[in-house]
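So you can see what is in the structure, the chains are spelled out below.
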Amino acid sequence: MIIKMIAIPGGKMGTVGKIQVKVGDKVAAGDVVAQVETAKGNRPIKATSAGVVSKILCEEGSQIASNAEMFDIDDSGIANGPNETDNRNAAQKTSKEINTDLLIIGAGPGGYVAAIYAAKNGLKVTLVEKSELGGTCLNVGCIPTKALVKSSEISHSVRNAALFGVQIDGAIKVNMKQVINRKDKVKGRLVSGIDFLMKKNEINVISGQASFVNGETVAVTGNENYIIKAKDIIVATGSKISKIAIPGIDLPFVLNSTTALSCTDLPKSIAIIGGGVIGMEFAFIYKNFGVDVHVIEFMDRLLTMVDGDISKEIQDIAKEENIKVHTSSKVMKIQSSVDGKAVITYEDKDGEHLLVSDKVLVAIGREPNLEGLAIENTGVLLNNKGRGIQVDASMSTNVKHIYAIGDVTNIIQLAHVASHQGIVAVDNILNKQKEMDYSAVPNVIFTAPEIASVGIGEDEGKAKGMNIAVSKFPFAGNGKALTMNEPRGFIKLIKNNETGKIIGGSIIGADASSLISALTLAIANGFNEKEITETIFPHPTTGEVIHEAALDFGIGALHQ
Amino acid sequence: MKKIIISKEFDPCFNIATENQLFLDSDEDIHLFLWQNDASVIIGRNQNIYAECNLEYLKEHDIKVVRRFSGGGAVYHDKGNINFTFITKEKMENQAKFIGLIKAAMAELGIDCEFSGKNDLLYKEQKFSGHAYYTDGDNYMYHGTVLVSVNFEQLGKALTPSKLKLQSKGIASVRSRVVNLSSIHSDITIDKVMQAFIKTFDCENIEYIDKTTFKAPLEQMLSSYDWLYAQSPQFDMELEHRYSFGNISVHISASDGMMQSVIINTDSLQLYDFKSCEDKLVGKRFSEQAIWECIEQYIESNDFQY
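So the sequences go chain by chain: A and B. According to my numbering, the first sequence is numbered sequentially starting from 10. According to my numbering, the second sequence is numbered sequentially starting from 224.
It is worth saying that the hints were derived from the structure and are not from the lab. Treat each hint with caution, since some may be false.
Residues on chain B that point at chain A, a partial pick, calculated with CB under 7 Å [unchecked claim]:
#1 R268
#2 N269
#3 S406
Even glycine gets a Cβ: it sits at the ideal position worked out from N, Cα and C.
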């Protein structure tokens with residue numbers, strides 16, 4: 010249902026005043042959704058039926074004509090009946106009470122893995138999710154971006170097919186609708202897979218927004234309302250896209266990682282704000298689709314979480330691939346040109362520059378999501394950055410029986426860390442006294458080529474004054490990489506000279522995402538160089554680079 | 224039956240809550256509410272409190288700020304000002320009649336005035352009365368101020384926001400040249416203006432109210448943080464402060480009174496990482512003082528000289 014601006018006599022324009030709702034808010038008929046001023050009069054605009062605000066079609070302070078559309082209210086999910094007109098009353102009247110051993114809030118890779126693990130260990134588990142099973146990772150993060158990466162790799166292969174001796178006649182066209190459609194199918198299949206696992210493990214999945222009443226009780230508002238009392242609670246509410254105050258950020262051509270994943274038209278050009286993991290993955294996706302890509306990064310290098318030489322390598326490769334990278338650059342504002350293009354003003358040491366593109370993608374990162382959780386009702390402390398929930402190595406908060414895992418703890422924003430933290434939390438609930446160990450957490454970035462790292466980085470080791478040795482081997486010396494036409498990149502291993510153990514490794518190059526598992530296994534189990542050099546690696550594979558890099562600590566790589 | 228209600232209280236929260244209660248209880252008669260406030264700034268429904276007044280000055284001089292229900296810009300009230308409110312049903316709305324009544328009352332005092340397109344009454348192109356209206360459901364109110372002997376020095380300072388760089392959505396005030404009726408005719412007093420209103424409204428049914436005789440349920444809501452600050456439309460603000468080591472500028476983006484993002488920059492050559500300050504401030508209520516305290520604390524704790 011659309012809520013329209015009231016008719017103003019004389020065809021004058023009104024001004025939108027305070028907008029009182031947000032997308033996703035539930036409204037009842039008669040609830041005030043916005044204020045509108047005409048001349049010096051003010052009047053509230055009210056919802057005409059109950060529903061959920063699905064779109065806000067006006068902006069505070071903007072001019073609005075009679076009968077212009079202001080809000081879209083989705084009333085499909087609202088059951089009939091007078092109860093629905095007052096949700097607060099409804100919550101008190103009709104809440105079902107549930108008692109459970111373990112309540113997990115959030116069904117992302119942290120929450121749902123913890124739920125399965127707990128159920129397998131005999132706990133009665135209730136899992137609350139306000140949106141889709143699988144969380145950010147499955148729905149708008151890891152998985153969908155990887156589906157796009159695959160499409161873009163195929164686009165790249167097809168464009169370069171002639172090099173491999175395959176001639177393609179006729180135009181190559183990217184059908185973005187199909188790209189998105191395929192991504193949605195992959196996602197759908199995984200989400201229904203989790204759904205199956207929930208049923209198989211007899212996990213009670215409840216759909217709705219959870220908010221703490223106190224340390225043991227959580228109210229859930231959804232199609233049905235619940236009051237849940239739990240012996241233990243795991244908060245796994247994940248993260249949300251960080252907001253940034255750049256003027257023009259709300260212009261229609263500005264995307265974020267979520268909206269970009271459902272954008273079915275392929276722009277000719279895109280400016281990506283932020284050269285971190287999300288920004289760089291999208292940069293290579295769009296580049297491989299044939300889009301003209303600019304990346305604007307505030308820091309002096311891309312991907313600040315990896316070592317400087319890897320940053321430099323990916324920046325060099327990006328430049329060769331015609332991705333325009335602007336580091337040490339600050340975006341000042343985004344404006345719309347008369348023909349609806351994005352005009353981005355950014356500033357570097359040489360002054361202000363203007364950049365024109367079809368679309369803008371803001372990829373400045375994600376932050377812990379505590380929205381609607383009313384965590385303050387529990388006494389749980391936030392971490393010193395004042396954002397995420399503070400936990401100890403056992404994933405326990407300062408409040409007994411409340412645990413937090415994953416992005417909401419603001420420790421490491423990685424799906425597999427969240428899953429592992431979930432298992433550690435459940436083990437502690439089961440009195441098994443486990444602690445989380447972050448010394449060998451692998452991290453993969455799906456640029457082209459891929460980047461992967463685990464353990465201590467070279468920069469980090471040096472900054473900490475550790476006594477380390479670094480070995481390196483280039484992919485140019487690897488036969489398999491050459492057959493793939495991917496000679497760029499290198500592997501690097503870090504050895505602790507005092508213990509002889511390999512404590513870190515980074516790979517930029519072909520198959521980095523697969524190779525990192527072997528390296529992680531070595532590091533997590535405290536291997537030294539000898540244990541790697543004496544292992545037989547199959548030929549011809551990219552995995553041989555690990556063997557060569559380990560040899561480089563001693564007699565030197567054989568193929569270099 | 225039409226009625227004149229006169230408030231004996233000078234508390235702006237009580238008076239505006241009372242006005243709203245009378246509005247909610249409106250009928251098809253036209254009622255007149257007359258009221259006066261202690262020194263206060265009354266901002267429009269959709270205004271940004273930070274953009275409209277000098278909060279520091281208000282605090283120093285014990286001047287209250289209240290957000291009203293009607294639209295339009297910020298006004299300064301004190302006991303040299305009198306307010307009128309016509310309350311009726313929306314179908315009885317008749318702006319021309321209301322303005323006619325006020326003009327007649329002014330004529331009674333020997334003031335010949337005209338109505339401007341901006342909903343103001345002007346004497347020789349200087350404003351002495353600003354009007355606004357509000358409607359909700361079928362209720363309607365038309366209200367305004369009449370400047371009789373207002374402290375203009377205080378008015379000017381109260382309504383001049385401190386030098387902030389602010390980009391706010393919502394409604395901005397328009398500055399006007401103002402004049403006191405007492406400076407046009409020195410014998411005009413608040414009491415005379417009130418008598419003129421009562422006379423022209425031609426009504427003998429007068430009710431005096433105060434906090435003991437009239438309950439205005441919204442009084443508390445009006446003084447809440449949420450109503451006053453969080454109802455400010457979304458805004459971006461740039462703050463600057465000069466320290467011995469250089470300038471610090473802070474860019475804040477706020478909605479519902481909460482800081483959604485904070486970016487701290489400095490032109491100092493020293494290396495500062497203000498990320499921890501930024502992280503601390505995000506999600507908190509907007510407060511200039513809190514921002515500087517946070518930054519100074521960070522600098523002190525990092526042993527920087529400033």
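Hints versus structure:
no., hint, verdict
1, R268, "holds, 4 Å"
2, N269, "holds, 3 Å"
3, S406, "violated, 25 Å"
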